[in-house]
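**Student:** Residue-level listing of the chains:
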Amino acid sequence: MLLQRFLIRLLTMLITLFGVAVVVFVVIRVAPGDPIAMMLPPGATDADIDRLRALYGLDKTIVQQFFIWLSGVVRGDFGTSISLRQDVLGLVFNRLPATLELAIVALIMAVALGGTTAVLGARERGTVVEAGIDVASGAALSIPDFLWGLVLILLFGVLVPIFDISGRVSPQLDLPFVTQFYFFESILRLRLDLTWDLLKHMLMPAIALALPLAAIISQLLKQSLKEVLDLDYVVLARVKGFSETQVILREALKNAALPTLTLVGVQFTFLIGGTVIVERLFSYEGLGNMAIDAVINRDLPLIQGIVLVFALLFVLINLAVDMMYALLNPRLRHG
Amino acid sequence: MDEARIARRRLSPRLWLAGGWLLLALLAAIFAPLVAPQDPLAQDLMLERLPPFWLDGAEPGYWLGTDSLGRDLLSRLIFGGRIAFIVAFAAAIAACLVGSTLGLVAGYFGGWADRIISRIVDVWMAFPPVLFAILLVAVLGTGLSSVILAIGIIDWTRFCRVIRAEAMGQSRMDYVENARIAGYGRIGIMLREVLPNVVPSIVALLSLEMGIAVIVEAILSFVNLSISTDDPTWGGIIAEGRLSIHQAWWVLVFPLITLILTVLSFSQFGEALKTRFDPVLR
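Line by line, the protein sequences give chains C and X. First residue of the first sequence? That's 1 in full-length UniProt numbering, and the numbers climb one at a time after it. First residue of the second sequence? That's 1 in full-length UniProt numbering, and the numbers climb one at a time after it.
Treat the hints with caution; some may be incorrect.
On the chain C side, residues computed to face chain X include the following (Cβ under 7 Å) [unchecked claim]: (1) 16; (2) 19; (3) 27; (4) 142; (5) 144; (6) 147; (7) 150; (8) 158; (9) 161; (10) 273; (11) 276; (12) 277; (13) 295; (14) 311; (15) 314; (16) 315.
Hints listed in this document are in silico derivations from the structure and should not be mistaken for laboratory results. Cβ atoms here follow ideal geometry from the backbone N, Cα and C, with glycine treated the same way.
All chains should be built: construct the whole structure from the sequences, respecting the hints.
**Tutor:** See below:
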């Protein structure tokens with residue numbers, strides 16, 4: 001049952017990825033503007049242009065180009081970046097950890113903030129506290145990450161300058177890292193001085209990304225908690241003498257969390273999508289920031305690679321959430 | 001029921017504020033040449049980085065101060081509103097037409113139509129939207145129509161997903177079956193019976209989408225990919241403000257407040273419309 005569900009999801013995932021590859025390939029090839037002409041110095045002859053075009057395979061038909069590219073991708077060869085003249089996969093893997101770290105830190109913050117306010121709101125239901133949480137989460141949800149980022153830059157970059165507003169790490173620091181996961185590695189190596197520096201750069205973009213998601217978690221989880229809190233077994237726990245907070249944390253949360261979990265999965269992909277502009281805003285050296293440069297430079301192989309990696313990330317997250325849901329939901333587990 | 005009524009009445013002042021702000025901003029944008037105190041493009045290096053009116057060194061006539069080229073901030077915000085509102089309306093309507101049509105077809109007809117449309121939606125959802133928008137504008141070339149087209153191409157899925165689910169629910173209802181027994185054709189039923197019942201959701205989504213379109217336009221002009229660089233846009237002003245943040249904070253603060261108020265107003269409107277039309281709450 002579970003295996004069958006998994007295989008069907010895997011198949012649709014591959015179809016989706018193929019669709020993404022086709023769309024991005026077609027969109028890019030329709031673009032006016034010649035990437036080859038942009039690479040060469042002025043005064044290059046037509047023969048030079050043709051030679052370079054052949055080198056990047058741009059002299060073939062669009063269908064041929066697509067299948068040449070696709071057969072490379074299947075073998076892990078995403079081509080060579082036109083503007084940076086390096087292997088696309090290497091460039092992407094170099095930048096992806098920075099984006100993943102940012103997204104994961106933002107996700108943890110969103111779950112912590114959303115979860116806390118949901119439990120608080122459910123405990124204080126019907127009071128001013130709940131009303132206050134509702135207003136705050138409404139505002140946090142309506143204002144997108146791009147605007148939160150700007151608000152944070154003004155508050156903590158200019159008004160009270162406690163955080164850094166650009167970059168990933170202070171450039172003068174010596175970095176002993178072997179992976180690109182600077183933040184996580186600094187914690188493992190107990191180089192907390194570096195952790196602090198990285199955190200000072202990461203905190204504002206992470207908060208900007210986390211706030212809308214925290215609001216969604218808060219609203220949905222609070223709603224589910226309030227529904228569960230009237231059920232018999234919860235009332236029983238209350239009669240047994242548990243405090244309201246204990247009742248919520250021990251009894252209600254387990255059963256109320258499932259609908260929120262599914263939603264968090266989809267919303268996490270939106271959060272990752274948001275890193276593109278938030279990284280730009282904070283000059284954070286992640287994948288999204290590189291993607292914007294790739295578009296501006298019309299670096300076709302790099303754009304294709306980045307978009308496909310993002311798409312792969314999105315479908316993998318959805319797959320993981322789907323499987324987690326199936327594992328946790330008793331009705332599906334025994335179905 | 002009573003609770004819902006109270007909730008709606010409580011929403012009311014917020015709705016008035018939201019409507020008031022949107023009307024004010026829209027009127028200012030329409031009558032920009034009459035309302036704007038200065039020429040939004042006029043540069044004057046003698047007047048660079050003037051602070052807003054309540055600070056020392058402000059000049060009369062430059063209420064919100066000037067940017068690093070001495071251009072009047074208020075006038076630029078008012079003219080920027082023109083592009084913001086044109087994009088908001090046109091892009092939201094474009095996304096709505098495509099998305100609602102496909103959603104209606106997928107939800108009502110089901111079967112292969114639904115399977116194909118749902119797969120396309122899956123593919124679209126696998127793109128990071130901002131990157132997709134930037135890519136499309138880069139491909140289509142900068143300009144007002146490219147921005148509108150790009151937002152329409154990306155955001156139709158928002159309408160499609162909701163309207164598909166609604167149309168699916170509606171098509172299982174008795175009245176649809178009755179119409180079929182009465183001999184109406186499938187397309188006739190879809191347009192005459194199902195469509196009117198999903199219109200409230202469409203209208204609510206439309207309002208939310210306008211807010212989103214304003215943001216996407218701002219993001220595109222922020223990365224310098226929206227309209228020509230001469231025309232003032234909210235995102236373009238923000239990009240300037242981000243650069244001169246330590247010398248002239250007002251160049252970032254005022255467009256930011258403008259954008260936040262506009263987005264909040266659109267989403268308040270959408271939320272209120274949703275509750276108003278929701279049969280359970282009504």
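**Student:** Compare the structure with each hint and give your call.
**Tutor:** Evaluation of the provided hints:
no., hint, in the structure
1, 16, "holds, 5 Å"
2, 19, "holds, 4 Å"
3, 27, "holds, 6 Å"
4, 142, "holds, 4 Å"
5, 144, "holds, 5 Å"
6, 147, "holds, 6 Å"
7, 150, "holds, 5 Å"
8, 158, "holds, 6 Å"
9, 161, "violated, 9 Å"
10, 273, "holds, 4 Å"
11, 276, "holds, 4 Å"
12, 277, "holds, 5 Å"
13, 295, "holds, 5 Å"
14, 311, "holds, 4 Å"
15, 314, "holds, 5 Å"
16, 315, "holds, 6 Å"
When each numbered hint is compared with the structure, a violation occurs for hint 9 only.
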